[in-house]
Amino acid sequence: DVKVTQSSRYLVKRTGEKVFLECVQDMDHENMFWYRQDPGLGLRLIYFSYDVKMKEKGDIPEGYSVSREKKERFSLILESASTNQTSMYLCASSADQITGELFFGEGSRLTVL
Amino acid sequence: GENVEQHPSTLSVQEGDSAVIKCTYSDSASNYFPWYKQELGKGPQLIIDIRSNVGEKKDQRIAVTLNKTAKHFSLHITETQPEDSAVYFCAALFTGGGNKLTFGTGTQLKVEL
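Chains as they are written, first to last, in the numbering used here: chain V, 1 to 113; chain R, 114 to 226.
Read the hints as simulated data drawn from the structure, not as lab findings.
On a predicted model such as this, the values are computed, not experimentally measured, just so you know.
One thing to keep in mind: the hints can contain errors.
[Claimed, not checked] Here are the simulated lysine-lysine pairs, DSSO-like style, with alpha carbons at most 30 Å apart:
id : chain 1 : residue 1 : chain 2 : residue 2
1  : R       : Lys171    : V       : Lys18
2  : R       : Lys213    : V       : Lys53
3  : R       : Lys223    : V       : Lys57
4  : V       : Lys57     : R       : Lys213
5  : R       : Lys150    : V       : Lys55
6  : R       : Lys213    : V       : Lys55
7  : V       : Lys3      : R       : Lys184
8  : V       : Lys13     : R       : Lys155
9  : R       : Lys171    : R       : Lys184
10 : V       : Lys3      : R       : Lys213
11 : V       : Lys70     : R       : Lys170
12 : R       : Lys155    : V       : Lys57
13 : R       : Lys150    : V       : Lys57
14 : V       : Lys71     : R       : Lys184
15 : R       : Lys184    : V       : Lys18
[Claimed, not checked] Sample of chain V residues at the chain R side, in silico, Cβ under 7 Å:
id : residue
16 : Thr15
17 : Leu43
18 : Asp96
[Unchecked claim] Among chain V residues calculated to face chain R with C-beta under 10 Å, some are:
id : residue
19 : Leu45
20 : Lys55
21 : Asp59
22 : Pro61
23 : Gly63
24 : Glu101
C-beta atoms are modelled at their ideal positions from N, C-alpha and C, and glycine is treated no differently.
Go ahead and model the full structure; you've got the sequences and the hints to work with.
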């Protein structure tokens with residue numbers, strides 16, 4: 001069974017802290033994505049990666065960075081967390097860059113106080 | 114920029130009735146339109162998709178229709194059941210500036226007994 005695992009389901013951090021959200025997939029997929037989900041705004045793409053050590057900005061990259069050192073792992077980094085980054089973060093992977101099915105993790109609920 | 118509008122934001126139906134969710138997109142070059150279902154506490158899962166060379170696609174109780182001229186597509190669920198209760202997201206693949214999937218804002222479907 002395909003699996004995308006996000007390391008933390010719930011996190012509470014303070015303003016200014018550095019936050020790491022980890023995502024691992026076991027499907028040998030080339031492509032990985034980070035979305036944030038907010039009520040009324042749907043899923044918005046933060047960053048994506050089509051290969052190891054490669055990254056591309058999505059629609060809302062400001063305040064975030066990513067790291068893809070290994071094919072199976074894609075990390076989202078908040079250098080200095082702010083309250084407006086309180087959200088649900090969803091990691092996904094896909095085999096096909098063009099029209100491939102996205103496989104999502106269960107999400108990481110981040111609260112920044 | 115790329116935009117996908119989704120309506121309604123909430124939908125309540127009686128068990129056994131049909132449910133319809135509609136989306137419009139902005140880029141006439143889009144050629145791939147998936148629908149995802151998100152159950153409570155889980156990540157979204159692909160339930161059906163349609164490509165631009167097809168006007169309709171069915172999978173048991175679920176169907177999707179596409180009108181490329183009007184730039185809108187719809188999800189139809191017939192004979193709804195309580196397990197259909199979830200949040201549904203439409204999406205469109207925008208090909209300008211790299212292939213990116215843009216999601217609608219979601220529809221909370223509630224199937225009442």
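Each hint tested on the structure:
no. : hint                : verdict
1   : R/Lys171 x V/Lys18  : 46 Å, violated
2   : R/Lys213 x V/Lys53  : 19 Å, holds
3   : R/Lys223 x V/Lys57  : 35 Å, violated
4   : V/Lys57 x R/Lys213  : 10 Å, holds
5   : R/Lys150 x V/Lys55  : 27 Å, holds
6   : R/Lys213 x V/Lys55  : 13 Å, holds
7   : V/Lys3 x R/Lys184   : 34 Å, violated
8   : V/Lys13 x R/Lys155  : 22 Å, holds
9   : R/Lys171 x R/Lys184 : 19 Å, holds
10  : V/Lys3 x R/Lys213   : 22 Å, holds
11  : V/Lys70 x R/Lys170  : 37 Å, violated
12  : R/Lys155 x V/Lys57  : 25 Å, holds
13  : R/Lys150 x V/Lys57  : 25 Å, holds
14  : V/Lys71 x R/Lys184  : 36 Å, violated
15  : R/Lys184 x V/Lys18  : 42 Å, violated
16  : Thr15               : 27 Å, violated
17  : Leu43               : 4 Å, holds
18  : Asp96               : 10 Å, violated
19  : Leu45               : 6 Å, holds
20  : Lys55               : 12 Å, violated
21  : Asp59               : 8 Å, holds
22  : Pro61               : 12 Å, violated
23  : Gly63               : 19 Å, violated
24  : Glu101              : 5 Å, holds
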